[in-house]
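Undergrad: All chains should be built: construct the whole structure from the sequences, respecting the hints.
Number of protein chains: 2
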Amino acid sequence: MTFKNEIIAMGVAPLARRAREAALVLATVPDTVRRDALLSAADALMNHKVEILAANERDCQAARVQMDKGHMSSSVFARLQTSEQGIKEMSTRMREVANLPDPIGQILTDTELAQGLRLQKVSCPLGVIGIVFESRPDVVPQIVSLTLRSGNAVLLKGGVEAAQTNQALVSILRAAFASFPEIPHDALNLLQTREDVTEMLSLETEIDLIVPRGSKEFVSYVAAHSKIPVLGHGEGICHVYVDASADLKKAYGVAFDSKAQYPAACNAAETLLVHGDIAQLFLPEILARFVDAGVELRGCPRTVALAPHVNVLLADERDWSSEYSDLRISIKVVDNLDQAIAHINRYGSKHTESIVTEDQEAAKCFMDEVDAAGVYHNVSTRFADGYRYGLGAELGISTSKLHARGPVGLEGLTTYKYKLYGDGHTVGTHC
Amino acid sequence: MTFKNEIIAMGVAPLARRAREAALVLATVPDTVRRDALLSAADALMNHKVEILAANERDCQAARVQMDKGHMSSSVFARLQTSEQGIKEMSTRMREVANLPDPIGQILTDTELAQGLRLQKVSCPLGVIGIVFESRPDVVPQIVSLTLRSGNAVLLKGGVEAAQTNQALVSILRAAFASFPEIPHDALNLLQTREDVTEMLSLETEIDLIVPRGSKEFVSYVAAHSKIPVLGHGEGICHVYVDASADLKKAYGVAFDSKAQYPAACNAAETLLVHGDIAQLFLPEILARFVDAGVELRGCPRTVALAPHVNVLLADERDWSSEYSDLRISIKVVDNLDQAIAHINRYGSKHTESIVTEDQEAAKCFMDEVDAAGVYHNVSTRFADGYRYGLGAELGISTSKLHARGPVGLEGLTTYKYKLYGDGHTVGTHC
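Which chain is which? The protein sequence lines are Y and Z, in order.
Note that this note's numbering has the first sequence beginning at 1, numbered continuously upward.
Note that this note's numbering has the second sequence beginning at 432, numbered continuously upward.
I should point out that these hints are in silico values taken from the structure, not numbers from a laboratory.
The beta-carbon is built from N, C-alpha and C at its ideal position, and this holds for glycine as well.
Heads up, some of the hints might be wrong.
Listed next, the in silico DSS-like pairs over lysine-lysine satisfying Cα-Cα at most 30 Å (straight line) [to be verified]:
#  : chain 1 : residue 1 : chain 2 : residue 2
1  : Z       : Lys680    : Z       : Lys500
2  : Y       : Lys227    : Z       : Lys647
3  : Y       : Lys216    : Y       : Lys227
4  : Z       : Lys552    : Y       : Lys121
5  : Y       : Lys250    : Z       : Lys552
6  : Z       : Lys680    : Z       : Lys795
7  : Y       : Lys216    : Z       : Lys519
8  : Y       : Lys121    : Y       : Lys227
9  : Z       : Lys519    : Z       : Lys552
10 : Z       : Lys480    : Y       : Lys121
11 : Z       : Lys552    : Y       : Lys364
Label pairs and their in silico Cβ distance ranges [to be verified]:
#  : chain 1 : residue 1 : chain 2 : residue 2 : range
12 : Z       : Glu635    : Y       : Asp326    : 20 to 30 Å
13 : Z       : Pro445    : Y       : Lys69     : 48 to 58 Å
14 : Z       : Ala493    : Y       : Ile107    : 28 to 38 Å
15 : Z       : Pro739    : Y       : Pro101    : 53 to 63 Å
16 : Z       : Glu635    : Y       : Glu317    : 48 to 58 Å
17 : Y       : Asp423    : Z       : Ala493    : 22 to 32 Å
18 : Z       : Leu470    : Y       : Asp326    : 46 to 56 Å
To be clear about the criterion: a stretch of chain Z counts as covered by chain Y if any three or more of its residues have a C-beta under 8 Å from a C-beta of chain Y, and this derived list gives those stretches [claimed, not checked]:
#  : segment
19 : 462-468
20 : 543-557
21 : 571-578
22 : 824-836
23 : 839-848
TA: So this is what it looks like as structure tokens:
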């Protein structure tokens, strides 16, 4: 029986129970074994690149048919297709995560509560993680690196477009792990269908965390249909605020990069806020740059008035709460820093917010008072990324305030347990 | 208009919006102000003890009527009633939390990502906390200490039995905070009715965390009826496992204390697991001690067989998954450590689990492999408590793995934000 048929025959619930068993074992697997298994898997990717490329070509062939019918965009196709260089990068990234310090078994606090009574707070894996992601094949080794390095079992479900590629990758990784007898076979499994995902969402006793990577609608659906905690973000409504004391050169760079460098990313900016005192100086030039880059402009009345020679549509209320994810930006002129902060705290999605200013006091206010996972001073919002943050890889970006916030790497895949060591201590006699 | 009428006139939604505003301000209030406000509030409790005792007496009078009608147990009454000594303790505890190190503004990591690009992970308040608790009046100053010290706004709702006492306490605390102009009036509010709680659960855009302190049914109800993250525990099914290599004296002490010292507590043990090799030696004595203390016994067939002279009912499947919260215990003889661990991972509620053994290897296995917030070696499960852990006070005990786990103090009321400082850094040119 092939691996795929095995899952179809079993259903997700027994698979998740086996993942739970695997997770209990995995939590005790030594650092070196988890590291070496990932290094071995990184080698395996390179050794099996021909199979991966062949599987990817089968996915791409099917995708081309969908593109020809107008059922798939060229940007989705571009993310689906991989190459020898792409596989090399997957392998390198895996190696990097393998070589990160062990996130589990770390003693976070160590206190002597009383004579002979010692309390240690020790990091440990979450258990079983369910991850549903879009069509990019490089997500598979990235997620497997993070989950195995942190001692978690994982149930993966990728986009149907990348089914062959994902299957090939998972088979190669599982085969590599099989050389390490300490690592349970069920530490990694790939789900096949949408029905599998629906079933997975109901398995709250077996699964500790669901990570949905996809559209806002998908993330909302998952959160509404599962009692399992969800890590991720529905929206990335990020702002750049250009203060009265901004250095104009930095402001052009940060505003343009935040919007136009890769507008489909969740950390791209959707709204530009500009202090009234600098608007007349700053707006004409940045708007011209945006127009040159094909960015559609929506502005408040003051913006429209300040840019008579540029095509700026009048923004309405919906623009301030829209994640365009496209070459479009909304622009608002504000009277002062407080108005900018209030706008962001009202319309932002608590993802990433940037101020451009040379006024250190204004920067401090902004960074303290804006309620978001990332608050930046003179930096493009596009830096909100686990790899750029030095986390090695990224499970996702969390806009929740509980547990992990912002880009989530290994640490977000751990919890802790309190270990209390005594000598027969009882509350009745030692309290 | 009195404070109470003000809330009735307003409804919870506007109050929660004002709490959100207050939270944004409170997040920037300096350490010393938050500390001094709590010290001042601790003084105020002592200065107004006559009013608190009078309000408490009104609650107690009403409660006595309920007791006479058989609508209230004497244990609930005992928890409701406070005294001059009780108020002194509230005041002392408040002082202790005031003097704990500031949990917010702590730099958790500090990394230079690139030339001139510095990333700091800084602790900050969660925002607005909604807390629903039972009738103990000392919970009010405890929660207010924790939330104000950590810069969070709070919406409190106590048991209806303690309405007068809670109202008096909240009024005194608010009056004390009013001397500190930096602290917003709406940092602390008391809800009045069950309908207020229902409304609060729907305000997911205004409230960041709900802490339900009450019965398993109540906690489940809250989790099922709110999209707001919930911190707490539904059940405390804790075990004591007496290993073959246990020191008998320690085993008697730990097993007895875990069950009988205060059986209504969530950290009291419900099941005793005993290694077969020591059962004949250990069981007769511990069972006799339990019988003397009025503890009802439910045992597996081997337990029953080993205790012919003691009244042990045969346990059924439900006993292993029951939180008795009473003078009753279930007892099971197991063949080995692995069976004990498997039983706990199957039936435990991931709260607190203890092994009694002199075998360090067995203790290590137990503590690594048992999946619970607290894993203890030769210690009574009753130690699972924020105050005993040195957290100053306790918001609750979390059996969730995300965010805070185990007894939750100040740190569990914080999140973090990433602050990124640059000099015009853009991804397009610096990546």
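Undergrad: Okay, which hints does this one fail, numbers in order?
TA: As far as the earlier hints go, 1, 7, 9, 10, 14, 16, 17, 19 and 21 are violated by this structure, in ascending order.
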